[in-house]
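Respectively, the protein sequence lines represent chains Y and R.
Per the UniProt record's numbering, residue 1 is the first one in the first sequence, and the count goes up by one each step.
Per the UniProt record's numbering, residue 1 is the first one in the second sequence, and the count goes up by one each step.
In short, the hints are calculated from the structure, not lab data.
C-beta: ideal position from N, C-alpha, C; glycine also.
Any given hint might turn out to be false.
Derived list of chain Y stretches under chain R, where covered just means 3 residues or more per stretch with a C-beta under 8 angstroms from a C-beta of chain R [said to hold, decoys possible]:
| id | segment |
| --- | --- |
| 1 | 280–294 |
| 2 | 474–487 |
Facing chain R, from chain Y, some residues (calculated, C-beta under 8 angstroms) [stated by the list, open to error]:
| id | residue |
| --- | --- |
| 3 | Ala308 |
| 4 | Met334 |
| 5 | Pro349 |
| 6 | Asp404 |
| 7 | Glu424 |
Result set (DMTMM-like, lysine to aspartate or glutamate): computed pairs, CA atoms no more than 25 angstroms apart in a straight line [unchecked claim]:
| id | chain 1 | residue 1 | chain 2 | residue 2 |
| --- | --- | --- | --- | --- |
| 8 | R | Lys105 | Y | Glu375 |
| 9 | R | Lys22 | Y | Glu375 |
| 10 | R | Lys271 | Y | Asp402 |
| 11 | R | Lys271 | Y | Glu375 |
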Amino acid sequence: MDHLVEQPDSHPTTLITGLRCIDFSGPLEFCYMSHSQKERKFPSSQVSLPRRPTRGPLDIGETPIPLPSPTSTGPSLPHQPSSLLSPTTSQFMTPRLASPTPGSNLSLLTSPSFRTAHSTLSTQSPSRSPSLAPSKNFSFLLRPEIYHPLTLLDVPPPFRVSALQPDPSTSLPDLVSSGNFRSAAIKAAQLLTSEDLSPSLPADIATIFELIYTRLSCLTLCGQTALAAQEVKALEDLNSSYYRDEEGRHLVPWELRVLAVRLQGMGFNDARRGVMGYYELAREARLTLTSLKKSRSSMSTPGETNEALENEIEFWSTRLQELGIRVASALVEMEDLEGAARFLSTLSPPSDNSASASTLATQKALLFLCLGDVEAARSAISISAGEESEKKVILALAHMADSDFSSAVEIWEDLISSSFSPSELPMYRQNLGVCFLYLGRMEEARDILEALVEEGSSFHALTFNLSTIYELCTERSRALKIGLAEKIAGMGSKGEKANGDFKL
Amino acid sequence: MAHQRTSSTVDSVKEPHSVSLKVLRLSRPSLSVQHPLPLPTPSPSPTNSPAPSASLAYPSTKNDAFILSPLLTLPPAFGSAYVGETFSCTLCANNEVLLGSNPSKVISNVRIEAEMKIPSSGIPLPLRLGPENPSDADEEKEEGKVVGKEGVDLEPGKSLQKVVNFDLKEEGSHVLAVTVTYSETTPTSGRIRTFRKLYQFVCKGCMVVRTKTGLLPSSGEKSRKWALEAQLENTGEETISLDMVVLETKDGFRSQGINWEILSEGEKMEKPVLMPGDVQQVCFLVEEVPDAEGKGPEPTAEGKLIFGILSLAWRGTMGNRGFLSTGALGARLK
Chain Y
1 MDHLVEQPDS HPTTLITGLR CIDFSGPLEF CYMSHSQKER KFPSSQVSLP RRPTRGPLDI
61 GETPIPLPSP TSTGPSLPHQ PSSLLSPTTS QFMTPRLASP TPGSNLSLLT SPSFRTAHST
121 LSTQSPSRSP SLAPSKNFSF LLRPEIYHPL TLLDVPPPFR VSALQPDPST SLPDLVSSGN
181 FRSAAIKAAQ LLTSEDLSPS LPADIATIFE LIYTRLSCLT LCGQTALAAQ EVKALEDLNS
241 SYYRDEEGRH LVPWELRVLA VRLQGMGFND ARRGVMGYYE LAREARLTLT SLKKSRSSMS
301 TPGETNEALE NEIEFWSTRL QELGIRVASA LVEMEDLEGA ARFLSTLSPP SDNSASASTL
361 ATQKALLFLC LGDVEAARSA ISISAGEESE KKVILALAHM ADSDFSSAVE IWEDLISSSF
421 SPSELPMYRQ NLGVCFLYLG RMEEARDILE ALVEEGSSFH ALTFNLSTIY ELCTERSRAL
481 KIGLAEKIAG MGSKGEKANG DFKL
Chain R
1 MAHQRTSSTV DSVKEPHSVS LKVLRLSRPS LSVQHPLPLP TPSPSPTNSP APSASLAYPS
61 TKNDAFILSP LLTLPPAFGS AYVGETFSCT LCANNEVLLG SNPSKVISNV RIEAEMKIPS
121 SGIPLPLRLG PENPSDADEE KEEGKVVGKE GVDLEPGKSL QKVVNFDLKE EGSHVLAVTV
181 TYSETTPTSG RIRTFRKLYQ FVCKGCMVVR TKTGLLPSSG EKSRKWALEA QLENTGEETI
241 SLDMVVLETK DGFRSQGINW EILSEGEKME KPVLMPGDVQ QVCFLVEEVP DAEGKGPEPT
301 AEGKLIFGIL SLAWRGTMGN RGFLSTGALG ARLK
């Protein structure tokens, strides 16, 4: 990211490819950059991430009638409801819900008084429903055409049976907590487009954002991130002042703002937008934290602490740290591993928290392994005074990176026999199974993975790896893979499954 | 992408084989990627947000917002094969006889042989099959007796798994040829059957090295000095980190790298990371070392002084190793 020096196109240099050497040491004119040892033939971004046209809220201007965007509409300007119905279909390549007839749509969207009943979901904690100027209107988030229908095409046959589908009357919290994310996403869209919500009533506005969060998060959990990335565009610029109340408080819950950053980056086809979005949120978190700390130092007398304020400071600093990790993740997702490693090295854990220091060291080590710098991964964990089991995980992975699978097996087995954290055990065992396959011990690998499934695990890597082993051990692997899907469907495990999970 | 050629008709019998062969390239397993959802704090009730573990690679209770998790995933595809890397592949011979099939067939003495056909030679190279000593010999016996080269007896549904490793040294088309031989015995007859499958893949160069040498102005000393510069370009599709670049000199020369291993105090060594298309420049000082009689190294018939060769080692994703040496490098004498 730092050296973007264009190199001259033609280099009169000697070329050695592979093992052949066509060396001639004639009078070579070499244009070396004296100030920099390292040159990029192409700017890195062009290689790993071709610059794509940036699309943003302004694109909506393509539509015949301009759509009032939150950026352009101040709180005092009343919305023009008719323009909210301007078709934006051209932007979307995905199948849409058929738009209702204009008449019914208008009545739904224009009259705040149309609201007939409160949603049961609007039972909010007071902090989540800030007071609002009556002029705020979020009806542009309730247009039915925003929300795409979901098909069952990608769902493996054993999971499609109607006995496994939840009752349509199941409440949204129940659907979410039981892991029926597909149904929850559909339900959330139904509630958003139902006529029960008033787009300008403060309590309902909080509900709207909560439903959008549920809709988008559940879409990502049932393998429909691409759809979520389209639907999130409707929120447009969440940093606009339209999303704040008169006291400057943001109306959108923090988690939705964070979620929208990555999804909008995908939706507008610009991953960098994601990184920038996190930085903007981090700026806000830092400012909030500063003012909170200021009020702490101004009000508290020595020996006396304000618990609520301390908690507030605590979770804002957690938010700030998490944003740092999300920036690194966004860089990894852009395939800029080097940039991610540099960025992570600038992060420092809070001095008083050894657990998060250990977590950060593990994250650095994982990134170094991904980069191929195994030594750096080892030294990353040797510095921290972290948790012993986390270090062992990195050591085992480093052995595997060094092709020393037998040593890795020993560590995984040691971790399994001495584990104090039951939630990490499936990971240890799964990785041990993978190790066995590389050692030519497929039978044992299969036994371990099958045992994990029997015990109720069904995460993607497990089913994917087991399906890979099935493909290796017979020509009739499809039957085994369907059998695996049936078994997991029959166990009623939480979460949604896609065909890719079983290589179907 | 490797593609499988139609199996040659070594076996003239049209009857389908009772043993199948399945192949998987064992590139390094990858770290599972996760996209942890930001969750409401403090969590409201009744909650409309998914459980924290729902968006993690595995249901961990750790609060981790990072994209990489330590959970390993087997290679999903063949990927690219590069000169300098070790090609690993697992071969599985599977007894496909269904239990209770009629006539009942017994499969014994299953053997796998593998060879690699490389671009520069018409004669395929035989490959060593691992693991040679199954670490759990006892368990192995339950599935079938291990009788060295004699082959393995396979129960229905059981497999014989082997792993081959091959150092890729040439660009171009490689063919992995696998031959499976086994005995098929029915109550009335017995015969030895064999089949052969070919897997073709293309090996590409991932590192291009350009060099140039220049005579350094002498500082009044007797021995001559040169600077050997090299540009290393990552022409592959993966990010790699350079592990080592060494100029291995012949007798009569000594060299000193003036690259990233030279650190000022308090600096930590950072290995250069090359993304696809990146170029890293390295430089070595080469010095003539006269022998006991005070004579310097002799030039070749073409009037060229040969310093030695450049060796480079790198690591790809998840530590995948690559190693390459150039041909002889030197300076032309005026």
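(message) Taking the earlier hints as the rules, which of them does this structure contradict?
(response) 1, 3, 4, 5, 6, 8, 9
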